[in-house]
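Trainee: Spelled out from the first residue to the last, the chains are:
4 protein chains.
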Amino acid sequence: MPETTHQHLHNFQEANKDKGRLLICCPDQPGIVGAVSNFLFQNGANIMESSQYTTDAYEGTFFLRIEFDCPGLQGKEEEMKSKFRAVAENFNMKWDIKFVYELRRTAIFVSKQLHCLRELLWEWHSGELVTDIALVVSNHEDARELVESFGIPFHHIPANKDIRKEAEAKQLELLEEYNVDQIVLARYMQILTPDFVAAYPSRIINIHHSFLPAFVGANPYGRAYERGVKLIGATSHYVTNDLDEGPIIEQDIMRVDHRDHAEDMKKIGRKVERSVLARGVKWDLEDRILVHKNKTIVFN
Amino acid sequence: MPETTHQHLHNFQEANKDKGRLLICCPDQPGIVGAVSNFLFQNGANIMESSQYTTDAYEGTFFLRIEFDCPGLQGKEEEMKSKFRAVAENFNMKWDIKFVYELRRTAIFVSKQLHCLRELLWEWHSGELVTDIALVVSNHEDARELVESFGIPFHHIPANKDIRKEAEAKQLELLEEYNVDQIVLARYMQILTPDFVAAYPSRIINIHHSFLPAFVGANPYGRAYERGVKLIGATSHYVTNDLDEGPIIEQDIMRVDHRDHAEDMKKIGRKVERSVLARGVKWDLEDRILVHKNKTIVFN
Amino acid sequence: MPETTHQHLHNFQEANKDKGRLLICCPDQPGIVGAVSNFLFQNGANIMESSQYTTDAYEGTFFLRIEFDCPGLQGKEEEMKSKFRAVAENFNMKWDIKFVYELRRTAIFVSKQLHCLRELLWEWHSGELVTDIALVVSNHEDARELVESFGIPFHHIPANKDIRKEAEAKQLELLEEYNVDQIVLARYMQILTPDFVAAYPSRIINIHHSFLPAFVGANPYGRAYERGVKLIGATSHYVTNDLDEGPIIEQDIMRVDHRDHAEDMKKIGRKVERSVLARGVKWDLEDRILVHKNKTIVFN
Amino acid sequence: MPETTHQHLHNFQEANKDKGRLLICCPDQPGIVGAVSNFLFQNGANIMESSQYTTDAYEGTFFLRIEFDCPGLQGKEEEMKSKFRAVAENFNMKWDIKFVYELRRTAIFVSKQLHCLRELLWEWHSGELVTDIALVVSNHEDARELVESFGIPFHHIPANKDIRKEAEAKQLELLEEYNVDQIVLARYMQILTPDFVAAYPSRIINIHHSFLPAFVGANPYGRAYERGVKLIGATSHYVTNDLDEGPIIEQDIMRVDHRDHAEDMKKIGRKVERSVLARGVKWDLEDRILVHKNKTIVFN
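Residue numbers (the working numbering), protein chains in the order written: chain A, 1 to 300; chain B, 1 to 300; chain C, 1 to 300; chain D, 1 to 300.
Everything labelled a hint here was simulated from the structure, so no lab data went into it. Heads up, a few of these hints could be off.
The list cannot tell twin chains apart, which means a pair is met if one copy fits it or any two copies do.
Pairs of lysine-lysine, BS3-like flavour, derived with a Cα cap of 27 Å [what the hints assert, rightly or not]: (1) K282 with K266; (2) K271 with K94; (3) K165 with K295; (4) K81 with K161; (5) K266 with K293; (6) K267 with K295; (7) K112 with K170; (8) K161 with K112; (9) K19 with K161; (10) K112 with K282; (11) K271 with K282.
Bound-form chain A, shown alone (with noise of 0.2 Å):
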C-alpha cells in the first residue's frame, strides 16, 4: 500500500474512532425511533446522521440508518451490542452495528479490461473509497503491473466455464486466506456458480454494462448499437443467482448518437461503468445500502 494511502486510512480512522453506524430493518410500529434513540442517548452516543424510510405506513416495513458519535466507542464494541439486543427484541429487529474505524476488507475481481479497476484505486488512493484493498484476483495477467504498482497483491487464477469449479475453489481459498468481508467485480467477465454467491450474500458487487433490464447478459454495447438507442448506460448491483437479475444500486447513462458504433459505444460506456460502480461500492463501504427483497434501500 502506497505511503500516502496508508495516511489517508490511519488519519481516516484517527479521525473516525468514536463513530459508529446502527441499521436496521423491522416491522413498522410507532415507538421505533423513540426507543433506538433513547438506547442511544443512555449510551452517550450522539445522532449525526440519521436516515429512515417505511414501504408502507404501519404495515410496511421500517429501515433505519443511524451515524453516531459515542466517545469512548473502542473497546466498548460487544457491550453496545450486547446492550442492544434488549431493544431489539421489543421490536423483531434484523439490525447490525458497525464500527466506522473498523476497515472492511475488499478483494478486487477483473478480467482484461481494467477502467473500473483503475478507478476504483484512484478513489481507494485519494482517499475517497476507505476500505483495505485485501487482492485483486484475475483470469489474465493484464492487471498485475498497476496492481502492484500499488503494493497489493496480485493473484492470477485462469478461469472459464471449464474450470470454473476448481478456479473458484482457489478464489475462495485466497478470499479466506485474506480474510476478505466483500468483493467487487470490476468487469470480471466470468459467472460465479450458486455456491460462491452464497457465500457472500449482499456481498458481491457487480457492474453490467448496460441500464439493467435492458440488455441483460452478454454484449450489451453489439445489442444497443443495433437497437439504435440514443443511451447507453451502466448498472452497479449485488449479486445473485440470477444472472444481471440481483438488487441494483446505482445506474447512470450517457448520450450516444447514429454516428457511434459498437466500438464508440464501448468507449463512451466506460466512463458510466466506472463512475456508477465507484459510486456503488463507495455507498456501500459507508453502509448507506439497506437490501430488501430484491431492491436496494440508498441512504445517501
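Given the structure of chain A, go ahead and fit chains B, C and D onto it with the hints provided.
Mentor: Okay, now just chains B, C and D, sitting in the frame of chain A:
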C-alpha cells in the same frame, strides 16, 4: 387556432419564404457533396446548414441534409425538383426537397392522459413546433375542452381491441378529410393495425413510457418499480408493426429512488415523456431525421 | 377552480387528515431526537419520514423535519403545539408544526412571459402542487385569459419603477384581502422594495433565468451568449433585499452550443426555468426547505 | 512511453495514413462548399465528415471543417496545401490542412493536484487521446512518480509569483527543446504572463474549477459553498491574457446539497474537472474547435 399562433405561423412562413431542405440517402462514393453543392450554386441557392453522415466510408450509405436559401423559391418548387432529378440519378439517390414555408398538417391522437398533448399544444402555441395541427382524435372525451380552447377540431372515436377495425376506418377517413401529413401518438393507448401503420410509413411518432428496450409493452412503470431501477425514462420512436420496436428518435431519463412507488414514477415519468416527445416531433418537423433500416440518423 | 382540481385538493386533504410536519432548528446537543420522538410517541403520533442535518457536530446547528401521522389530529392543533412548547424550550428551538390538510394560499405574480405560470397552473391542476392559488397578479393583461380559464381571480396592476410604491400598496392590499400565505414570482420582471419583501420573509420564491451567481441582474441570456457559455441554467430562490442574492433553493442547466443565439437560449432556457421553479415551489409547499443564514437546507 | 500506448499510436497512424482535415473560416458567400468539394474531388479526396456553421447568412462568417480520405496523401502534403491556396484566395479564407497521421506534441503542466493529469494519462494510454505527450512540467515533485511510470519526461521547475519570469524562461526553453505544439494546464495553479500566452495563441487549454463566469479567480469551491449553490461545475477554455476569460470549450456540472462543505465540493468537483478537461483536449486534438473572437465553434 388562436390569433397569436396564427401570427407565429404566418411570421415563420414569411421569414422562411426562400428556404428549402434537401434530404439525400445513397450509396457512398466520391463527388456527391461537390455535385450537390454545384447544383445548388447554379440554381441560386446558398447553403445555410449542412450535415452528412456515412455509415461506412466507400462501402456504406451516405446521408445528407442541406438547408438552403434560394431567393424566389416559391413558384419554382417543381422546376427545382425536376432539375435535381438528373443529379439524383447519377448517384442513385433516394431524395426529397422540402419547402420550409409549406407547413405540414399534423393529427394528434390521445387517450385520457393529457400531459403530452398539453406540452405539444403549448410548444405549438409559443412557436416552438411549426405545423398546422389539423385535428385531435381521442377514444375518450377528456381532451375535448383543452383542444377546443385552442380552436382545434376534436373528434371522439371510441376505440378498443374489439372495435379496432371500425375505429381505424373512421380515423383514416378523418385523416383524409383533414388532409393530414403525419400523426403523433401523445399517449394514445391503443395498438394500431398493420394496415393503419402502412398508410403512414415513418410518419407516425409514438411516445413509449420507458427507456426502450427496457419494459417493452404494457405497464412499464409498474414493472420498473418491481425491478427496483434507479432511473426511469421515455422513448419517442416511429411506429412500425412491431410493438415498441420502431426506429428510436430520442430518449431521456430521470432519477427515482426507493421511496418512489409506481404511482410516483408515473408522475415523474410524465415530465420525461412530454419533453422527449416534444423534441422528437420538433426534429421531425424540421426534417432532421432520416430513417435507415430500423434506426434514425438525427441531424440536430 | 376547475372541478378536477377541486377534487384533487379535497382528496388530498382527506388522505392527509391525520398528517403533520414538525420543523426544528436549534443548537446541536445530544438527546434532541430522543426527546422529540418520545413527545410524538406519547401523543399518539407515528413518525412517517424523518430528516436531520447538523452543520457541525456538538457546536453546530441542528435541523429536523419529521412527517408524522396522528389519528384525530384535527381539532387538536393548538393542544399539540402547546404541549410541544415545553420540549422546545429545553433545547432552545425555533420550531413550527404544520398541518398537512391546511392548504396554504398562494399568489402568483407574472409579467408577459407565461411559461412558468403555465407550468405552475398545470402542475397544480394535475395534483402535483398542493395549494390554494388565491389569485394571479400581473402588470400586463397577457395572462388574464389563461388564468381565468382555471377559474382563478386575475388582477392587473400596472407597475414600473416610477410607480413602484403605488403598485405595491395595491398588491399588498390584495394579498391581505385574499389572505395569502406566500408569493411565487413566475417571471415577474419588477424589482420589489424592501418593505414589500419584509412583509413576506422567506415566503417569496423567485425564478432567476441563469445559474446564479453567474449573470446576476438583467438580460442573462444576452450576456451568456456574449460570453460563449456551453450551459445555460436557472435558479429558484427566496427573495431578499439583495437582488438575486437570496437563499438558493434549486438550480438546473441545459446544454447550448455555438449555433444558439440569445433568442435560442431564451427558448431553451424556458424549459429549465419552468421545471426549476416548479420543483422549488413543490418542496416549499411540502415544508422541505429550511432557511439558515443565506442558504437552504432542502430535505428532499 | 508504455508499449501498449506506442502500439495504439502506431495503429492510429496506420489507420489514418490517408486522412486529412481541412479547416476554413471566411466571410460567407454562395459557392464556398461547392468550390471546396470540387477541389477535394479533383484531388482524389473523399469527404468523410463535414460540418459547417455561419454566424449570419450572407453577412456573417462561415466556418467549415472537413475530414477527408485521400489515398496516397503522405508525401503530398505541401502539394495539397499549395494547390488549395488558389481556392482560399478567391474566398479570402483563413485556413489550414491538418494531416491526421502527424501526431501533435503536447506538454502538460500540473501542480500538486493530480486528478486531471491522471485522467489525461489514462485516456492517452487507452487510446482515447491521440498525441505525443512530450513532457510534463510541474512546480512541485508530486507528479514525478506517476509521470515517469508512463515513461514520460518530468521536469520540476519551481514557480511562484516572485520568480514567474525566470520560471517561464526555463519552461519556454524546454517547450522549444521538446518541440511542443500545445500545452494543457491540468490544474497548474500559476498565472501565466502575456508573453508566455502570446507564444502559444489558442494553443493552451486550461481547466477552471467552476462553471464560468461564476466564480472567476481563486477558491471557487469555497465561494460556491458560501453562496449555497446547488450545482458545481468546471470549464475548459483556451488561455488568453484575461484570467478565466478565454474562449470556453466545454462545461459540465454536478449536483451538491446542503450537506456538502467546501471540501466535499472539491472532491465532487474533481470528477467534473477531469472529464471536462479530457473532452476539451480530445476535441482540440481532433481539430474540432475553431476559435472566433472570444468564442469557440465546436464541431462534435
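Trainee: Which of the listed hints are broken here?
Mentor: Hints 2, 3, 4, 9 not satisfied by this model.
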